[in-house]
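> Each chain is listed here by its residues.
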Amino acid sequence: MSIELMRINVVGIENHIRNQGSVAGKFFDALNATDQNTVIKEIASYAIMLVTGLTGVMAERDENNQPLDHNTPPVMPQQLVIVRPAKFIQEVLDKYRDRFLKFWTFDECEEIEADHRNLMKMYRNDENMRNVIDKHDVNTMFNDA
Amino acid sequence: MFVRHTAKILYNLLCKFLDALYPDWRVKLLNASSDGENTMTGRHAGLITCITWCAEFNVLRVWCVPHQIDIIVKSSAEGINGGAYVKDVYSFSIHLRSQHNLIIQMGVKSPKKTNRWVHLDRILNFYKQYRRSIIAHTLEKLSSDMWWVITYAVAPAVDEINITFAKLQSRSLLVAQQAEFINALIGTLTTVFCIEVIDPD
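Those protein sequence lines, which keep their order, are chains Z and P. The numbering of the first sequence is the numbering used here, which starts it at 1 and goes up by one. The numbering of the second sequence is the numbering used here, which starts it at 1 and goes up by one.
If you're looking for bench data, these hints aren't it; they were derived computationally from the structure. Please note: incorrect hints may appear among the correct ones.
As the list claims (entries may be wrong) - What follows is a list of derived Cβ distance ranges for each label pair: (1) Asp94(Z) x Asn125(P): 37 to 43 Å; (2) Phe106(Z) x Ile163(P): 46 to 52 Å; (3) Leu14(P) x Asn15(Z): 19 to 25 Å.
To be verified - Cross-link-like lysine-lysine pairs, in silico, DSS-like; alpha carbons within 25 Å at most: (4) Lys167(P) x Lys26(Z); (5) Lys87(P) x Lys112(P); (6) Lys113(P) x Lys102(Z); (7) Lys28(P) x Lys41(Z); (8) Lys102(Z) x Lys121(Z); (9) Lys167(P) x Lys135(Z); (10) Lys26(Z) x Lys16(P); (11) Lys74(P) x Lys87(P); (12) Lys74(P) x Lys112(P); (13) Lys112(P) x Lys41(Z); (14) Lys167(P) x Lys102(Z); (15) Lys8(P) x Lys74(P); (16) Lys41(Z) x Lys128(P); (17) Lys128(P) x Lys112(P); (18) Lys28(P) x Lys95(Z).
If you're wondering where the values come from, they're calculated on a predicted model, not measured in any experiment. Even for Gly, the Cβ is constructed at its ideal location relative to N, Cα and C.
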């Protein structure tokens, strides 16, 4: 069956049921052909509804509580090392510069740019640093990074 | 709080608290997160809307991801057999909780219904684990073969979702990391149910 942009193979669902053990297989075999089709359709609809719903999950929302159409700025080292300084300044620092200047001096703001350039330089030249940052993944916490 | 939880009352209380805690909070406020409930997210007078108006700079609004997933998990399950399946899951649980002989025989009571998102997983696994005793006691009258097939098919998906729920509740997790976990969950469910995503082009 196919709903919107997803397709589920009927045999795949039957295999999924049988993968849950011989008990599940016995319950399935006890059904007549019509009920088997019905149960496969129900499970397939459930799966597609679940995946479609999860695809639309996004934490950042706009003023109407709809998903925000742009991503949050990069903050983790493994993200920052692949952002060019010009892009970092334009897309991250400039957006928040007014806010920084409320509490920080111009010099301190420029230090952020310098820190970013230094991070990229160390990533390029220092093998140990590169190895550490390359090991960071989705499970690395902000404070650990 | 012993008064009504309207957005205005919550807003006044929150402002009073934050003013006492840190008077400059309106300048430093970066983000406001909520459970997505209307009192929180209402576009005209929701608490988050009021907070973003009083903040000096742009505030990132966040709708708690586990709360969003909770809505999806519940609505997907309620879609099975037009809602009859989930209704049976819970009414069956209530019935089993009153079967004292069965409880003594199994040495365990069916989990109590709660609104927590992990509940469906606990109850489905309970049915699977004590299937023989439950079927023998109820003489197969209360649970059909089709009901058991759906239970066995749905339980692993709910298991996977609960694992992701636990990860998403980590206190130091970033929003960007949450997205990775959701994508991983979608990938797992796509594999579990053999879903093929069709390229629109």
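> Are the hints correct? Go through all of them and say.
Hint by hint, here is what the structure shows:
1. Asp94(Z) x Asn125(P): 37 to 43 Å: Given about 51 Å between the Cβ atoms, the range is violated.
2. Phe106(Z) x Ile163(P): 46 to 52 Å: 47 Å, holds
3. Leu14(P) x Asn15(Z): 19 to 25 Å: At roughly 52 Å between Cβ atoms, Asn15(Z) and Leu14(P) fall outside 19 to 25 Å, so the hint is violated.
4. Lys167(P) x Lys26(Z): Violated, because 35 Å separates the two Cα atoms, which is more than 25 Å.
5. Lys87(P) x Lys112(P): 14 Å, holds
6. Lys113(P) x Lys102(Z): 51 Å, violated
7. Lys28(P) x Lys41(Z): 52 Å, violated
8. Lys102(Z) x Lys121(Z): At roughly 29 Å apart (the allowed maximum being 25 Å), Lys121(Z) and Lys102(Z) break the hint.
9. Lys167(P) x Lys135(Z): Distance of about 19 Å is within 25 Å: holds.
10. Lys26(Z) x Lys16(P): 63 Å, violated
11. Lys74(P) x Lys87(P): Status holds; Cα separation ~12 Å.
12. Lys74(P) x Lys112(P): Roughly 17 Å separates the two Cα atoms, so the pair holds.
13. Lys112(P) x Lys41(Z): 30 Å, violated
14. Lys167(P) x Lys102(Z): 36 Å, violated
15. Lys8(P) x Lys74(P): The hint is violated at about 30 Å.
16. Lys41(Z) x Lys128(P): It holds: about 22 Å lies between the C-alpha atoms, which stays within 25 Å.
17. Lys128(P) x Lys112(P): 16 Å, holds
18. Lys28(P) x Lys95(Z): 14 Å, holds
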